[in-house]
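Note that the protein sequences, when read in sequence, are chains A and B. FYI, our numbering numbers position 26 of the first sequence as 26, with every residue one higher than the one before it. To convert, count from 1 in the second sequence and add 1000; that's our numbering.
No wet-lab data here; the hints were simulated from the structure. Treat the numbers as computed from the prediction; the structure is a model and nothing was measured. It cannot be assumed that every hint is accurate.
[What the hints assert, rightly or not] Heads up, simulated DSSO-like pairs for lysine-lysine below, C-alpha to C-alpha not over 27 Å straight-line:
hint, chain 1, residue 1, chain 2, residue 2
1, A, Lys63, A, Lys142
2, A, Lys59, A, Lys73
3, A, Lys73, A, Lys142
4, B, Lys1024, A, Lys73
5, A, Lys142, B, Lys1125
6, A, Lys63, A, Lys73
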Amino acid sequence: MNFLLLTVIKAALVAFILLTALAYVQWLERKVLAHIQLRVGPRRVGPHGLLQPLADVVKLITKEDMIPSHVNKVFYLLAPFLAVMFALIPIAVIPFGTDITIGPIHTNMELADLNIGVLFILGITGMGVYGVALSGWASNNKYALLGGLRSSAQMISYELPMAMAIATPLLVLNTLSFRQLVNSQDGFILGFIPRWTIFQGPFPFLIVAFIIFMIAAFAETNRIPFDLPEAENELVAGFHTEYGSMKFAAFFMAEYCNMITVCCVATLLFLGGWHPIFPAEYGSRFIPSLIFVGAAAICFMHAANPSRRLDKFTLPVVGVVALGIAGIFMVPILATALLPIFWFSAKVIVILFVYIWVRGTLPRFRYDQLMRFAWTFLFPIAIINLFLVGLWVALT
Amino acid sequence: MDALLFMIFAAIAAVCGINLVIQKHAISSALSLVGVMAALAALYLLLGGEFIAAAQLVVYAGAIMVLFVFVIMLLNAGVERTTRRRPWAQYAGVPLLLVLFGTVALLVQEISPAGDNVIFGEFTKGTPLDVGRALFTTYLLPFEVTSVLILIAILGAIVLARKEID
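Using the sequences and the hints, build the whole thing.
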């Protein structure tokens, strides 16, 4: 019974944090994109638009829930459900940190520790394409159908290089469980280079695998420069043209959730999970405190000469909270539990930022370029890379 | 608990299998097949075949069926047209079906040894390590021969589908 209760609490906690993170990744994306394009982004709802995600959710829920008359009703309603379901499931096997002990309770930082975790994620994310493909087909609309077709073709093509790229670190680390994968990336080479997968093995090959994985991941999550399924200058909005209100929001949620999953997988497979970037004896455990103190300093500086009238009151409050968090990271007992979570989230957020950065920088591929790139460039390189790493593993 | 889960997933597999046959639309049938594959993966997992379950999900439900759905969507297959049933098929169908089921049940009883109860969680040799070791030692020849067979099939498909260059 205790196990069941603990699992329910953990599931509720993970779901709450994940759904909040989804909303705020979207806020982050709008803010960063706006600053890349020399705009200010959302700013009206709450300080610096921080309540904008909440307002969006209220708007999407209260909108009229229309079903066009020409759609295939069953599949039209099933598609957003499938998309969200297959986007949310993979989070269950992702460990966010080491084990923690609170009083008598000792628990892992993931919902389920499978020893085929990597394969499980590959299997479930592979099913995610049904949501997109079905929505395109059931909408009974030529633009939506083209979007759905493009999406399935793209997913099938980019799944191959992605699987090859994932297999490379698995060959080197010799396990399929995320927890063991991260544990075997512990420690440092020569005392200062972290033993993350990208720095292990024969020198450039794992880095090449990481880059291939990221490129394929951009395509799998339908993000720019590979967002052909929803290319708005050719296909109106692609596969979700006929969707509105919460059903549209479901596709939106699925997209951002897939992004977060991919960033977590990249962190766990290639970037050492929750291990710090340099050893604790050189002071890596002070990094979180330093960052939060820096954030507090910036807040106080901006509060001194505010750009909005309210900033005089809100920014000092944020600054004091940041100082408090910095203080929490200095308490030794709390720090041991919080540091792994900090490093894990820091890496995930950096990769998410790269995602947004790429969206603000690159134009969209043409469809034939997309396919040619996958089959004649990415796939052969991934195979050769995997073969060479396999040779190295066999020889050592 | 295991028996309950087995019942649930077996029921899902059976219902999806029947649905696959009776649906009139190609997409509905294809999706029912996906349901069968996914339920089978869960059954493999219950029996301890972790790797087989994952492979079933990745290869069948995730890749092959996506291709099926893709082709059905691409060709825009409509609702299946039923021809008029022959009169004798209407009357002889049900008895013949019963005869078929009876024969299959009899054969299964004859072939399989009775009294063998399946114990859930008894089989523990389904990890990727065990499967990989078996494939590359005991079953190396069948494994390689199958690969070559698939390669030949791919080449044949390309030759058949290629446009004639005049």
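Here's how the hints hold up against the structure:
no.: 1; hint: A:Lys63 x A:Lys142; in the structure: holds, 25 Å
no.: 2; hint: A:Lys59 x A:Lys73; in the structure: holds, 24 Å
no.: 3; hint: A:Lys73 x A:Lys142; in the structure: holds, 17 Å
no.: 4; hint: B:Lys1024 x A:Lys73; in the structure: holds, 16 Å
no.: 5; hint: A:Lys142 x B:Lys1125; in the structure: violated, 49 Å
no.: 6; hint: A:Lys63 x A:Lys73; in the structure: holds, 19 Å
Checked against the numbered hints listed earlier, the structure breaks hint 5 alone; every other hint is satisfied.
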